Amino acid sequence: MDMINCKVNGIAVSVPKGSTILEAARAAGVEIPTLCYMKDINAIGACRICVVEATGARGLATACVYPVAEGMEIKTNTEKVQQARKTTLELILSTHDKKCLSCPRSTNCELQKLCNDYGVTGTEFEGFKPEFAIDDSAPHLVRDNNKCILCRRCVAVCREQFVGILGANDRGIDTHIGQAFKLNLNDTPCISCGQCTVVCPTGALTEKDDTAQVWAAINDPSKHVVMMTAPAVRAALGEEFGGEIGKNVEGKMVAAIRRLGADKVFDIDFGADVTIVEEATELLGRINNKGVLPMITSCSPGWVRFIEQYYPDQLAHLSSCKSPMQMSGAIIKTYYAEKMGLDAKDIVVVGVMPCTAKKYEIKRADEDAAGVPDVDVSITTRELARMIKRQGLNFNALPDEEFDSPLGEDTGAAVIFGTTGGVMEAALRTANDWLTGKDNTEIEFQAVRGAASIKEATVEINGMPIKVAVASGAKAANEIMKKIASGEADWTFVEIMGCPGGCVTGGGQPIHPQYVRDTVDIHALRSKALYDADEAAVLRKSHQSPVVKELYENYYKGEYGCHKAHHDLHTTYVPGKKF
Amino acid sequence: MQKKISSNPFRGTPEQEAKLKEIIAANKHDKSRLMGVMQEAQGVYGYLPIEVQNMIAEGMEVPLEKVFGVATFYAQFSLSPKGDCNISVCLGTACYVKGSGDIYDELQAELGIGGDECTPDGKFSLTACRCIGACGLAPVLTVNEEVYGRLTKDDVPTILAKYGK
Amino acid sequence: MKTVAELQAVREAAISEVALRTGDAALAAKSKYKRNVLVCGGTGCTSSHSQDIIDTLNAEIAKHGMTDEIKVVRTGCFGLCALGPIMIVYPEGCFYSMIKAENIPEIVEEHFVKGNIVTKYLYKETVLEDGSIKKYNETDFYKKQIRVALRNCGVINPEDINEYIARDGYQALAKCLTSMQPKEVTQTILESGLRGRGGGGFPTGRKWSFIADGPQKYVVCNADEGDPGAFMDRSVLEGDPHCIVEAMTICGYAVGASQGYVYVRAEYPIAVTRLQIAIDEARANGMLGKNILGSGFDFDMEIRLGAGAFVCGEETALMTSIEGNRGEPRPRPPFPAVKGLFACPTVENNVETFANVPQIILRGAEWFASMGTEKSKGTKVFALGGKIKHTGHVEIAMGTTLREIIEEIGGGIPNGKKFKAAQTGGPSGGCIPARLMDTAVDYDNLTAIGCMMGSGGLIVMDEDNCMVDMAKFFLEFTVDESCGKCTPCRVGTKRLLEMLDKITRGNGTLEDLDKLEALCNYIKANSLCGLGQTAPNPVLATLKFFRDEYVSHVVDKKCPAGVCKHLLTFTIDKDKCIGCGKCAKNCPADTIVKTDYIAPGHKLPSLKILPEKCLKCGACISGCKFGAISKQ
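Protein chains in written order, with the numbering used here: chain A, 1 to 579; chain B, 580 to 744; chain C, 745 to 1376.
Next up, chain A with everything else stripped away, as it sits in the complex (with noise of 0.2 Å):
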């Protein structure tokens, strides 16, 4: 490979041709701060944050796209750059609303720490600011576009994740970033990823805040509040508390939950281990039954809101398995209320989740197996480390603790729901025992693990080879189902997760700064410490659960997709619209 030798701030360095200022600093070990790029999808040069010297330029170098050339002197932090970035943030300030003290960000704002750092106090520009109504329409994500910079951050991941919903509008000092014809979120085709929340460097897009109502539930004598935790939420909420990227954090999780009032902790792997028998069944009898093939998994609330509407026409390939958590929530308000001895009603189920679709899931129609909603607060990874910092609970200090009984207990299978490939190699696990009658010991499908956003693999299966596809973000979602649509895809069963690297690296999930994902790669991280997790379980099958076993045993009466079972643990789709 050609390399370019070029010294920034006086260290020499030497980085292959095409290389732009800011990876050559950061091969040096300089960053240079920015405020709207993203690698590779959104180089665009717009906040001008980054600017440096460097020789041969004229004026100041957008650091973020300027390549380097061989015998570059770039200097990153001169006076003149310095009062460059001075400026540009005053700016910027003088069209933000710098309400900094309610600001669900503030201490993880990226435009918030480059004015401690560079002292900037946003009195220096007044005049005309636009003035924006806050969009709390949608279930997941609240917009306040006062806050916002214009970065575009948010729009470059909503054309990856090929909705296209947000985007720029009007120009000049009107422009801003929405939603055509100002329409209402929930009334676009959003699919509730909830990415462009992770990207946003300021307060401009949130989650939508549903502590309250947790707190609410556990402050009230008359509920029994059960909450539970997604796989992907161990190998992040950690990092909300300074640990290192994908520490796996269950023990402190559990016991930090216990103290925040909760009657019981229990753990969604359960539910994934449940779904993966429901769903393995529904697999086998669209097989033998000649059914539309391929099936495809329906664990992603994201994925299913894309599905319904920009496929509607297709949703016979969706499996009809509630999600994990739905199944959680389910058996939660039927078996367990049951045999606790509790009204369904009384059972305040809260999900603590990755993501921000969940709290759209949770309001769909058909999930509802006791009548009531099965789950009734969906909270993210990011809620839950709020409501530990409230109670003043010092987490690190925390012990680990387990998960309460009878719904605590899991597989290894179902921890790996939480990364892209981990349903399909649950699912491929199990399968493989029931068509070949034995307890296997090649249990570990590499084909369809890592982070590439397809991936296609022919499995053997009892000396029968299956054509699987694992994809993961709505955009690999598209490309799959384009071929499903015309008919040429030749797979039986396909696994889409909504967000890209599936849910360790979804819309709920700890906010890093942009330089952090430029440079770490968190989905490898999160999605190790599941796959430890699910290295060093006992058991590794969902069949296999002791929590399943019972269930099917004593509730179901010894049949997988039976109609109790069904009835309880499978919904239905309606179409959507794209437009």
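If you're looking for bench data, these hints aren't it; they were derived computationally from the structure. Accuracy of the hints is not assured; some may be wrong.
[Unchecked claim] Calculated lysine-lysine pairs in the DSS-like style (CA-CA distance at most 27 Å, straight line): (1) Lys1259/C / Lys86/A; (2) Lys1259/C / Lys113/A; (3) Lys607/B / Lys577/A; (4) Lys1268/C / Lys80/A; (5) Lys610/B / Lys578/A; (6) Lys129/A / Lys1246/C.
Quick caveat, the model's predicted, so the values are computed rather than measured.
Add chains B and C to chain A, keeping to what the hints say.
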């Protein structure tokens, strides 16, 4: 100024829709022709309401927001129809202190529309304009090309009646 | 026309048809027409109803049975728009100006039938004291001009490919395809010293030589001329569209591109129509399409219409717009030559730049380089506007002084006013004060004085123009046209405008001037594209040359030119006022009241203006017949 979005009921005819479909069919192979399609669509409908932008988005296979983003970027595209009688009220300083603001409000009340909007029957549209240099006649308004000066808000019904309201 | 021989045959047949206009009497004799009547069909003359003149001419000529003798030609713009509609009659070359359709029967009868030129309708400079007549190209306005880019404007019918061919049209393309290697073409352009006429002045040949390799490349013509007051490109497209088709094809051959796009403002309907006709004609005649003139070279082009966004004149924004997006600029590098339209290597030049190309190829790099100054070769078209007698466009050699342009060619300032400054480069440019009037106009001289050539708009200002107001006017334009993508331009220009507004309202301070200058320099250094980088120029240039006017606004709270109305005081001269009360009636703010003073010789008490209520709208002044009201 952000572009004003009309809330008027859409009055597209099947003929117009057929024409738009033709335009889209002739261009959909090349997504870069989006703007050209929008220009032709505006030629057919006079403006680009959500119904038309939806058809364009669907036909050209792009998100509606993309069409809208383009429509609000270029000065040529309009999101609200012009009425048969376009009333333009001068809100320049001279007219304003003589009460053109009241006249503007009165017109909005009489017509039941806001500024940069068009009545549902397509007869009247209302805009505010900068000084038209007739300060001696303040306050003034124009209906299409006709200038009316030295007005009070009581004159509003008379003027509207002249144009068939 | 599939071969060069066929092209030459067409040229041979057509050449006599334009010979009357070019003054070749021998050739002209071969044509059946004894007389050519050229009527301007440019945008300016068309809006003053030149089409009616053409229709009346045709009808009257038919009435006199002279249809076979007299050819009426609708041409592009002649340039002297102030005198439109314009009609030139050959063989005399006489110059009828400000013609009305009702004058036509008389002209046809007297001039065409009887042979007596109707001098009362001629442009008065062309009628000499002895009754003889100057040809139109001998007038002050035309005689100093050298027409290269505009050589066919006002000469040929732009909708007739044969007239273009008669004027050596497509000869340059034929020369390239038959006797030059692509590299030689680029080399010729490089040696000619041609620089981009759109504003930046980048050497065109270098731009062509930078083009990267790739399976698909594009040639783009920027015809999104958006500076207020500039209409050079429009004139070329309206008057000589084929030269753009030919030049782009030559460029395609030189750089290895097979597809071209012309991005034209939708506000130029006549230009668009004629260019489309030219493209269709060229295609039908084998000058576009596959295997042009049997050379094996393929090239085609299409028009894309702008939709009202000034920023699309910036080359990357223009490409983003052609791609069907909001016309937002992209960072450079990568430059379009490497990654341009649809991410392919692209050459982009503006209309006037391309218009020079065929002549350079035909007449050679040396011929072109012999005109102009050391680093600015050839000619430049300017659109003269503002406080100048001859509004219109002119093409002059680079290096002509501003004084020659304004005083000799432009006819000077009307109404005996004093020249204050010339604004060049539109919203991106600066201004040249009176003391620098002898500056030879070329790229480097203008840049040296903190101005810029720009695309060629030249707005003349006199003593009645306030330079702060002028800067504010351009800033308002930029703020309206900023795309909103980058922070410095989106927010910074708005803040600049607000500061200027504060100054013109008399609320500014001397510190504000420093802050203004600092913000200008910040925006220049930090904006993403040319629009933002040059947006502060009108402010910086006026601050540099007319700082005293700014100081008057902030310290004395006065606008010396009497423009900024918040700083004006309206007063009534009590001795001139006859007390008629007309001004009081006109006053929208009821701020004019009676005094108890009756001037000697008057019957009624004079009036006075209550300054605290005065809106400074000027309604009183315009109504006073006695000159009793003044503003300061």
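Do the hints match the structure? See the list:
1. Lys1259/C / Lys86/A: At roughly 14 Å apart (the allowed maximum being 27 Å), lysine 86/A and lysine 1259/C satisfy the hint.
2. Lys1259/C / Lys113/A: Satisfied, since the Cα-Cα distance of roughly 26 Å is no more than 27 Å.
3. Lys607/B / Lys577/A: holds (21 Å)
4. Lys1268/C / Lys80/A: holds (13 Å)
5. Lys610/B / Lys578/A: The given pair, whose Cα atoms are some 18 Å apart, holds under the 27 Å limit.
6. Lys129/A / Lys1246/C: holds (17 Å)
Violated hints: none; the structure is consistent with every hint.
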